[in-house]
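Residue strings, one per chain:
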Amino acid sequence: MTATLSKVDRGPAQEAGPRPPRRYRLSNLDAKVSPYLFVAPFFVLFGAIGLFPLLYTAYVSLFDWEVGADEPLFIGLENYRTLFEDDQFWNALFNTFSIFLLSSVPQIIVAVVIAALLNANLRARTGWRMGVLLPYVASLVALTIIFGSLFGPQYGLVNDVLGLFGISPIDWQASTFGSHVAIASMVNWRWTGYNALIILAAMQAIPRDVYEAALVDGASALRRFFSITLPMLKPTLIFVIVTSTIGGLQIFTEPKLFEPAGGSGGGSEHQYQTVVLYLYQSAFQGLDLGYASAIAWVLFLVVIGVAVLNFFLTRRAVR
Amino acid sequence: MMKRPSFAIYGILAAFVLGSAFPFYWSFLVASRDNSVLTGDFTLVPGGNFWTNASRVFDTVPFWKALGNSFIVSGTVTFSVVLLSTLAGFAFAKLKFRGRGVLFLFVVATLAVPTQLGIIPLYMAMAEFGWAGELEAVIVPNLVTAFGVFWMRQYLVDAIPDELVEAARMDGCSLWRAFWHVALPAARPAAAMLGVFTFMQSWNDFLWPLVVLNADNPTLQVALEKLQSGYYVDYSLVLAGTTLATVPVLIVFLVLGRQIVAGVMQGAVKG
Numbered sequence: 000m001t002a003t004l005s006k007v008d009r010g011p012a013q014e015a016g017p018r019p020p021r022r023y024r025l026s027n028l029d030a031k032v033s034p035y036l037f038v039a040p041f042f043v044l045f046g047a048i049g050l051f052p053l054l055y056t057a058y059v060s061l062f063d064w065e066v067g068a069d070e071p072l073f074i075g076l077e078n079y080r081t082l083f084e085d086d087q088f089w090n091a092l093f094n095t096f097s098i099f100l101l102s103s104v105p106q107i108i109v110a111v112v113i114a115a116l117l118n119a120n121l122r123a124r125t126g127w128r129m130g131v132l133l134p135y136v137a138s139l140v141a142l143t144i145i146f147g148s149l150f151g152p153q154y155g156l157v158n159d160v161l162g163l164f165g166i167s168p169i170d171w172q173a174s175t176f177g178s179h180v181a182i183a184s185m186v187n188w189r190w191t192g193y194n195a196l197i198i199l200a201a202m203q204a205i206p207r208d209v210y211e212a213a214l215v216d217g218a219s220a221l222r223r224f225f226s227i228t229l230p231m232l233k234p235t236l237i238f239v240i241v242t243s244t245i246g247g248l249q250i251f252t253e254p255k256l257f258e259p260a261g262g263s264g265g266g267s268e269h270q271y272q273t274v275v276l277y278l279y280q281s282a283f284q285g286l287d288l289g290y291a292s293a294i295a296w297v298l299f300l301v302v303i304g305v306a307v308l309n310f311f312l313t314r315r316a317v318r
Numbered sequence: 000m001m002k003r004p005s006f007a008i009y010g011i012l013a014a015f016v017l018g019s020a021f022p023f024y025w026s027f028l029v030a031s032r033d034n035s036v037l038t039g040d041f042t043l044v045p046g047g048n049f050w051t052n053a054s055r056v057f058d059t060v061p062f063w064k065a066l067g068n069s070f071i072v073s074g075t076v077t078f079s080v081v082l083l084s085t086l087a088g089f090a091f092a093k094l095k096f097r098g099r100g101v102l103f104l105f106v107v108a109t110l111a112v113p114t115q116l117g118i119i120p121l122y123m124a125m126a127e128f129g130w131a132g133e134l135e136a137v138i139v140p141n142l143v144t145a146f147g148v149f150w151m152r153q154y155l156v157d158a159i160p161d162e163l164v165e166a167a168r169m170d171g172c173s174l175w176r177a178f179w180h181v182a183l184p185a186a187r188p189a190a191a192m193l194g195v196f197t198f199m200q201s202w203n204d205f206l207w208p209l210v211v212l213n214a215d216n217p218t219l220q221v222a223l224e225k226l227q228s229g230y231y232v233d234y235s236l237v238l239a240g241t242t243l244a245t246v247p248v249l250i251v252f253l254v255l256g257r258q259i260v261a262g263v264m265q266g267a268v269k270g
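Note that the protein sequences, when read in sequence, are chains A and B.
Numbering that gives the first Met the number 0 puts the first sequence at residues 0 to 318.
Numbering that gives the first Met the number 0 puts the second sequence at residues 0 to 270.
Errors might be hidden in some of the hints.
What the hints assert, rightly or not - Covered, in the sense of this in silico footprint (three residues per stretch, anywhere, with C-beta under 8 Å from a C-beta of chain A), are these stretches of chain B:
| hint | region |
| --- | --- |
| 1 | 19-33 |
| 2 | 68-76 |
| 3 | 101-112 |
| 4 | 115-128 |
| 5 | 250-264 |
Said to hold, decoys possible - Listed next, the stretches of chain A that the computed footprint assigns to chain B, with coverage defined by at least 3 CB atoms under 8 Å from CB atoms of chain B:
| hint | region |
| --- | --- |
| 6 | 128-140 |
| 7 | 204-214 |
In case anyone wonders, no lab produced these hints; they're calculated from the structure.
Where is the CB? At the ideal position from N, CA and C, for every residue including glycine.
Required output: the full structure, derived from the provided sequences and hints.
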């Protein structure tokens, strides 16, 4: 740091005398233009690869646009009309929300508990934190394949363990609820520890003297948790809930790969087909780009809508 | 001094961590035996078949090519995201220019936008450019993220004193040189974390690579999918593949775990 600074300092010392006016003008131009040049790569690229495709999706959704067909045919809102009468779409939307709720609700509760435990004065703090974060580095594809084997209907370990408790085997792939639980458990496994660390960071930012005051007033540990910790965590919980909403509603990898050798994924009766999976299948297996774009655009609005709704609801609920 | 927590707390945490590690171990366990571990002879002791199964993986999919591809893709994407985010983040944090507030608001607003849903036009564009099946197709759409800019800006606001940039300017240092000699060194810790997260995200990306890449030139995740999608699933083969694919990230985690933990926790406070 010091080395770089002295290097910078040496510059003008070498040029004796007053600076030429041209140089001022240049420097003025530099101050005016450079900031825009610095942010330009981001905006140009983000516009080209992020925003433009999203907007163009809306355009494509107004056409009967098949891969390999000669000329896309403008059909207005026809794709949307079909979509709203499409049972498979509603089913996929239901599955997405069902899996999302089964994953996010228990996940956040457990994450808060784990965070509270990690917030104790532990030995080998960093070791515990790393242990909790371990699933976060797993690749989603590898994880899904591994969980697929654990939840196998015939020889899966989960059914073996349930058998020890006298519970008869569950067909995790064939049943709607069973498959949702299995997929949600993958999501939970991967993200609970991550969210616990985020919540832990927020817990540690709560000033100590608030607790000390409560202690003096004789508040119990449970009372302190519900009256101080939880309300102070509000912004962080909103952050966690909104992020998991945005990710959760776009779930794809898990339903795609849950059933081994399962053809196109989503289950034989579409029992765990999600919206993004349906989008993928419509576009790249059904080759109907217009219809798939309509799915994408509706999901886009749903994601934004739910994220905003979430934001307001959680702001009220977690007070 | 706070009192040390009870054994119960350690017990619950230990159970949670064991549960976190178990699927990894399970993957290795099945990969090191044969399928009999699934069909009844349950055991937790690894067998000696791992290398046999691993070599079957190499015969079935172009594993090494996939590994190399994943490194090329994730490395390039990480380099670009970190550099361009630091550049824009520096401008937003320390330079004054007209429209700065509005533009930054735009960055924050796009944080929540699910850009993944734009894959259909992206797919058309890649077909148009002749990039389908090529690595460019998975690199170019990931060269910048709004999160990266946001993250670097939040860090640099506090990390560089305003006087430092001013002083560099007074000395006739161009803004570009100020970026290079003042901002970049100061940004190093946050840039390193952004790099680790971007790399992992890119490494694990699946939907888009599955759309544009094929079985001959895959990334690691796409190769794993091909391994699994046969008519009959041979778990000791497939889980040997997932084990092999997990080893690099586990090594990264063991080396950088401390920093990754710090990064996750810092992100929470900053965000």
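Q: State whether the coverage of the region 68-76 of chain B by chain A holds or is violated, taking the criterion as 3 or more residues with Cβ-Cβ distances under 8 Å.
A: violated (count 0)
Q.
Is the listed coverage of the region 115-128 of chain B by chain A valid when you require three or more residues with a beta carbon under 8 Å from a beta carbon of that chain?
A. holds (count 10)
Q. With a Cβ-Cβ cutoff of 8 Å, does the region 19-33 of chain B contain at least three residues near chain A?
A. holds (count 7)
Q | Residues of the region 128-140 of chain A with Cβ under 8 Å from chain B, three needed, outcome | A | holds (count 13)
Q) Holds or violated: the region 250-264 of chain B covered by chain A, criterion of 3 or more residues with Cβ-Cβ distance under 8 Å? A) holds (count 8)
Q. Given as covered by chain A, does the region 101-112 of chain B meet the bar of three residues or more with CB within less than 8 Å?
A. holds (count 5)
Q) Under a C-beta cut-off of less than 8 Å, do 3 or more residues of the region 204-214 of chain A approach chain B closely enough to confirm the stated coverage? A) violated (count 1)
Checked against the numbered hints above, the structure breaks hints 2 and 7 and satisfies the rest.
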